[in-house]
Amino acid sequence: MKKLIFVVWLFLSVPALSQDITTVKIEQVLNEMDKKDDTTRVLNLWATWCAPCVKELPYFDAVSQANQGKKFKMILLAVEDEIAKVKRFVGLKNIQTEVWYLDETDANMWIPKIDPNWQGELPVTLFRSAGASENTFHSGQMTREELENTIKQSLN
Amino acid sequence: MKKFGFLFTAALALLLFVNAGVDGPGYKVGDTAQDFELKNIDGSMMSLSDIQDAQGYIVIFTCNHCPYAVASEDRIIALDKKYKKKGFPVVAIQPNDTQAYPTDSFENMKKRAKDKGFTFPYLIDETQEVTKSYGATKTPHVYLLDKNRKVQYIGAIDNSVKDPKAVTETFLADAIDALIAGKDVAVKETKAVGCSIKWKEQ
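The listed protein sequences derive, respectively, from chains A and B. Reminder that position 56 of the first sequence reads as 56 in my numbering, one-by-one numbering, no gaps. Reminder that position 114 of the second sequence reads as 1114 in my numbering, one-by-one numbering, no gaps.
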C-alpha cells in the first residue's frame, strides 16, 4: 500500500515539476528582443494546434538546453492558444526552455509588430544576435540541423 | 564576442538566402494576378477564365490538415453561397506538399469537399508554382481579385479565425461589398495566424 501511495504521489507530482508559464502582452515580447545586452536571443512562435510547431519544439528545447551557460536565451512563445493546453503540452513533453504565453486576441494588431512582412503563418523563428538592432526572421519549420548549425557556427 | 556576433549574422544571412526561394515577394495589392490552370477535385483542369460572367474572384489558399483552415470552412462555404450569385465565386487552392502532409492528398481533398459539401472548386497546386507566384505563406490565405484579376485585398476572412462567434470585423466581405458597390476597398490588407504552407524539399 505504501508503495502504491508513493507511486501515485510520484505520478501526481510530475505536473508540479513542470515550469510556470509566463503570460505576456506583445510589448513585453518586443522589449525582451530589444534588450541591448550581450545575449543572443532566439524567439520561436508556436501553438499546440500547429503540427510542424509541435514537431520542432522538442529539438528546439534540446538545442536550447545544450547552449546553457552561454550568453544565449531561447523563448518559446505560444500564440493563439489556450493556456491550459500549453501547460499540458509543456508538462507532457517536459520542456525546460522558457515558455511564454501571448495573451493577445487582435492578430491583425500584433502580427505586424513581430515583423512587418510576416503574414501570420506558424511556426516562425526570430534571431537577434547580441548587439544587433534587428531580428532575422525564419518562416516555417526548421530542421534540427538548420537550427544547430546556425547556433553552432555562431558560438565558434 | 564580436566574432560571435559576426558569425551569427553570417549564418543568418545564409539561412535567409537559402529560404529566399520560398519567401518570394508575391503579389501586392494593385498587382495583376496571372491566371493559372490547376486540377480540380472533379479531375478537370480549371482556370479563372473558365468562370463565366465573373465580376471578380475570391482565391483562398486552404487545406485539410490545418485546424485554422478547418475552422474557416463553414465561413468559406457561406461566402461562396452569398457572393457567387453576385459574380464573386470562391476558388480554393490546396498548396501543401502532400507527401509530407498526406491529409492534404488529392483523394483526401475530394473526400473533405464531399463531406463538408463544398460549393466551390477545390484545386491542387502540385508544383506549388501558383502558390509561390501569389506569395501565399499560410492556410487560410485570401486574395480578392477584381474581374481584371487585379489584387484588391490580401489577408484574412475576418478578425477571429478560431472562433466564428467572436468575429467583429468581416474584412473580406467588406472588401467584396465595396467592389460590388463600385467603391474603393477601405482595408486592403490584414494579418491573421494560420498554418505555414508545407513546401516540397528542394
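Check each hint, because a few of them may be wrong.
With a cut-off of at most 27 Å between alpha-carbon atoms, the simulated BS3-like pairs for lysine-lysine come out as follows [what the hints assert, rightly or not]:
1) B:1162 <-> A:113
2) B:1147 <-> B:1200
3) B:1188 <-> A:85
4) B:1183 <-> B:1111
5) B:1147 <-> A:113
6) B:1114 <-> A:113
7) B:1165 <-> A:87
8) A:93 <-> B:1162
9) A:87 <-> B:1162
10) A:25 <-> B:1165
11) B:1188 <-> A:113
12) B:1081 <-> A:55
13) A:85 <-> B:1162
14) B:1200 <-> B:1165
15) B:1147 <-> B:1111
16) A:55 <-> A:36
17) B:1162 <-> A:25
18) B:1162 <-> B:1132
19) A:93 <-> A:36
20) B:1085 <-> B:1165
21) A:113 <-> B:1082
22) B:1200 <-> A:55
23) A:55 <-> B:1085
Don't read these hints as lab results, they were simulated from the structure.
Agreement of residue 1188 of chain B and residue 85 of chain A with the hint, judged by alpha carbon distance not exceeding 27 Å: Given pair residue 1188 of chain B, residue 85 of chain A is violated - Cα atoms ~34 Å apart, limit 27 Å.
Exercise. Would the pair residue 55 of chain A and residue 1085 of chain B pass a check requiring their Cα atoms to be no farther apart than 27 Å?
Worked result: violated (43 Å)
message: Can you confirm whether the C-alpha distance between residue 93 of chain A and residue 36 of chain A stays at or below 27 Å?
response: violated (32 Å)
- request: Given the hint that residue 1162 of chain B pairs with residue 25 of chain A, test it: the Cα-Cα distance must not exceed 27 Å.
  value: Given that 27 Å is the threshold and the Cα spacing comes to 19 Å, the pair holds.
Exercise. Residue 87 of chain A and residue 1162 of chain B: Cα distance at most 27 Å?
Worked result: holds (19 Å)
For this session: Verify the proposed pairing of residue 1147 of chain B with residue 1200 of chain B, using a straight-line Cα cut of 27 Å.
Result: violated (32 Å)
- Does residue 1165 of chain B lie within 27 Å of residue 1085 of chain B when you go C-alpha to C-alpha? holds (25 Å)
Q: Take the C-alpha atoms of residue 1188 of chain B and residue 113 of chain A, compute the straight-line distance between them, and say whether it is at most 27 Å.
A: OK: residue 1188 of chain B and residue 113 of chain A at ~18 Å, within 27 Å.
Would the pair residue 25 of chain A and residue 1165 of chain B pass a check requiring their Cα atoms to be no farther apart than 27 Å? holds (23 Å)
task = Below or equal to 27 Å on CA atoms is what counts here, so check residue 55 of chain A against residue 36 of chain A.
result = With a Cα-Cα distance of about 32 Å, the restraint between residue 55 of chain A and residue 36 of chain A is violated, given a limit of 27 Å.
Distance restraint between residue 1200 of chain B and residue 1165 of chain B, which requires alpha-carbon spacing of 27 Å or less: violated (35 Å)
Query raised in the report: Taken at face value, is the distance from the CA of residue 1111 of chain B to the CA of residue 1183 of chain B at most 27 Å?
Result: Given that 27 Å is the threshold and the Cα spacing comes to 39 Å, the pair is violated.
Hint violations for this structure: numbers 2, 3, 4, 5, 6, 12, 14, 15, 16, 19, 21 and 23, all remaining hints satisfied.
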